[in-house]
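Spelled out from the first residue to the last, the chains are:
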Amino acid sequence: MTVALETSGFILGIEYVAIFCCAMVGGLSAVRKGYDITAILITAWLTALGGGIIRDVMLGVTPVGVSDKGLVLTALASGIAVALLHPEVDKLKWSMLTLDALAMALFAVNGTAKAMGLGASGMTAAFMGMFTALGGGLIRDTLINEVPMIIRDRHWYFVPAAVACVATVFVCKADFAGLINLQGEIGLDLAIVALAVAMRLLSVRFNIGVPGAV
Amino acid sequence: MTVALETSGFILGIEYVAIFCCAMVGGLSAVRKGYDITAILITAWLTALGGGIIRDVMLGVTPVGVSDKGLVLTALASGIAVALLHPEVDKLKWSMLTLDALAMALFAVNGTAKAMGLGASGMTAAFMGMFTALGGGLIRDTLINEVPMIIRDRHWYFVPAAVACVATVFVCKADFAGLINLQGEIGLDLAIVALAVAMRLLSVRFNIGVPGAV
Amino acid sequence: MTVALETSGFILGIEYVAIFCCAMVGGLSAVRKGYDITAILITAWLTALGGGIIRDVMLGVTPVGVSDKGLVLTALASGIAVALLHPEVDKLKWSMLTLDALAMALFAVNGTAKAMGLGASGMTAAFMGMFTALGGGLIRDTLINEVPMIIRDRHWYFVPAAVACVATVFVCKADFAGLINLQGEIGLDLAIVALAVAMRLLSVRFNIGVPGAV
Chain F
1 MTVALETSGF
11 ILGIEYVAIF
21 CCAMVGGLSA
31 VRKGYDITAI
41 LITAWLTALG
51 GGIIRDVMLG
61 VTPVGVSDKG
71 LVLTALASGI
81 AVALLHPEVD
91 KLKWSMLTLD
101 ALAMALFAVN
111 GTAKAMGLGA
121 SGMTAAFMGM
131 FTALGGGLIR
141 DTLINEVPMI
151 IRDRHWYFVP
161 AAVACVATVF
171 VCKADFAGLI
181 NLQGEIGLDL
191 AIVALAVAMR
201 LLSVRFNIGV
211 PGAV
Chain V
1001 MTVALETSGF
1011 ILGIEYVAIF
1021 CCAMVGGLSA
1031 VRKGYDITAI
1041 LITAWLTALG
1051 GGIIRDVMLG
1061 VTPVGVSDKG
1071 LVLTALASGI
1081 AVALLHPEVD
1091 KLKWSMLTLD
1101 ALAMALFAVN
1111 GTAKAMGLGA
1121 SGMTAAFMGM
1131 FTALGGGLIR
1141 DTLINEVPMI
1151 IRDRHWYFVP
1161 AAVACVATVF
1171 VCKADFAGLI
1181 NLQGEIGLDL
1191 AIVALAVAMR
1201 LLSVRFNIGV
1211 PGAV
Chain A
2001 MTVALETSGF
2011 ILGIEYVAIF
2021 CCAMVGGLSA
2031 VRKGYDITAI
2041 LITAWLTALG
2051 GGIIRDVMLG
2061 VTPVGVSDKG
2071 LVLTALASGI
2081 AVALLHPEVD
2091 KLKWSMLTLD
2101 ALAMALFAVN
2111 GTAKAMGLGA
2121 SGMTAAFMGM
2131 FTALGGGLIR
2141 DTLINEVPMI
2151 IRDRHWYFVP
2161 AAVACVATVF
2171 VCKADFAGLI
2181 NLQGEIGLDL
2191 AIVALAVAMR
2201 LLSVRFNIGV
2211 PGAV
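Residue numbers (the numbering used here), protein chains in the order written: chain F, 1 to 214; chain V, 1001 to 1214; chain A, 2001 to 2214.
For the record, the hints were derived by calculation from the structure and aren't laboratory data. Treat each hint with caution, since some may be false.
Stated by the list, open to error - Here are the simulated SDA-like pairs of lysine to any residue, each with C-alpha atoms no more than 20 Å apart in a straight line:
id, chain 1, residue 1, chain 2, residue 2
1, A, Lys-2091, V, Val-1214
2, F, Lys-33, A, Lys-2091
3, V, Lys-1033, F, Arg-154
4, F, Lys-33, A, Arg-2152
To be verified - Just some of the chain A residues that point at chain V, by a computed CB distance under 8 Å:
id, residue
5, Val-2031
6, Asp-2036
7, Thr-2038
8, Ile-2040
9, Gly-2060
10, Val-2066
11, Lys-2069
12, Asn-2207
13, Ile-2208
Cβ coordinates follow ideal geometry from the N, Cα and C atoms, glycine included.
Please put together the full structure from these sequences, using the hints given.
Shown next as structure tokens:
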């Protein structure tokens, strides 16, 4: 039941940064609509941790988004930070995009690995990873009454998340079969994260979209 | 725990057709809004299987919408089909309406029967049936940011679903009490499906609405 | 696992009144949009009981909103009442606001106490109380495709609910530690309810808002 990427303090640190940033993206969308501080905090918290809440509810375990003090306080601190510093945050477009992509990729890998550890099948685990990676943004856009970004955004967003989840399923299966050790698993997981972040950023940078209906 | 209508290969086949069609209705709504292929696939999948996901989460079992390969692949195949063939699908208004009504009725009967089989009370099972039948459409309309059809549509949609769910509760109770055998249960279930489909289609054909507030 | 405020028949009566009123607020919002009677019933039911459904799903128990006949019938009766009497209900602005605040406060206290009784940690229980108090309104506004009131309303709504939930956690902990008896717990719970209602009403009366982003 160990999630490989959470055994290393360094990578756990990156995940807290990702949650902080993800909450910032969420809080910023509430700031832009002119909502008050409670709305900013709710949106920040649910954007960062709502995807994991959906995953945990489906897996039948207590959602970490309401039970892990460190995660909750990180998300709320991020909401307060964006309420105070939003003009600065607004300027960091590419930094935000990068951190948001990092959060998406880490959530996809960790969400999938958590589900595999709880005994889910490969397909179910991949779906759980996608809910973790994409669910928070979906809740955020529902809260502020917009079409969710995974529906609206024509750049690659769902695609890198799906690739990361499916790849993680294979890594977990290799681990269960004893084909790789913990170091190998961490290395492969990081490669998956890097791949997903690169796909997302290149797609935005070079305006590569997903085709629509014919 | 056996759902009567799923013991027969013939009726199981009808259910796959219903899921295919339900996903088509969902995918079509994303096509019409001009969204890309990932949005079409997500909408198709959640329209067809989202209601069952809500039911299974409430019943505390692993959602078949993320764990049953056959169901998931059927929904995704339907999303791809509608992305390729939507001008043809658009012409099939009455066929689509009929298949959508069939999906609603089958989901209501099977959702209720599944909950009864898991030991839910009659009222809880009826609600589970309604979530199965109506939840997918609700998620679809939330995703594309429209008022859900069960709220918006003045024709009978909720009413036939509710009738089918309540009738299925009585059929299941008769089965548990040993009053009817499997053949009898299948027969009664099919009669309920036919009744619900007829109510839905007649309501649209003759523009019969539900009264509003006085 | 006993929820203190539900041991007394008198307070249980108040809770039914609160649910009736909460459903009325929900039904009224569907009436105002011109939706039909099934939409009014669905909105009334989910506004009154949807928050508790979210809480129970997260806690992994059968949602009372689909299994408790008394609660469900109260919510549906309220929906029918508002469909028949909405011009009268519309005139009761302050009565409605008071009963809605009462419902929010009772839901916050009882939702938190229920989660504590099921062994949740203090923080998790406080979140469960907030989901109970605020989830119904969130579902209602999603159904009718508006920005949820907790996001939109600049008066205190989230704040009194949060205060009530956190205070209830301390009361429950004092009870578990044997510091207070049942009478003491009921007294403190009622004081919390009164405080939350007062905060909400004073905030609306004197137009006290929550600050936005700087």
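Verification of the hints:
1. A:Lys-2091 x V:Val-1214: holds, 16 Å
2. F:Lys-33 x A:Lys-2091: This hinted pair is violated, its Cα atoms lying about 31 Å apart.
3. V:Lys-1033 x F:Arg-154: holds, 13 Å
4. F:Lys-33 x A:Arg-2152: holds, 10 Å
5. Val-2031: Given a least distance of 4 Å, the restraint on Val-2031 (chain A) holds.
6. Asp-2036: holds, 4 Å
7. Thr-2038: OK, holds: Thr-2038 (chain A) within 8 Å of chain V, min 4 Å.
8. Ile-2040: With a minimum Cβ separation of about 6 Å from chain V (threshold 8 Å), the hint on Ile-2040 (chain A) holds.
9. Gly-2060: Cβ of Gly-2060 (chain A) sits 6 Å from chain V, so the hint holds.
10. Val-2066: Nearest chain V Cβ about 4 Å off; hint holds.
11. Lys-2069: Holds - the Cβ of Lys-2069 (chain A) comes within 8 Å of chain V, reaching about 6 Å at its closest.
12. Asn-2207: For Asn-2207 (chain A), the interface hint is violated, since the closest Cβ of chain V sits about 31 Å away, which is over 8 Å.
13. Ile-2208: violated, 32 Å
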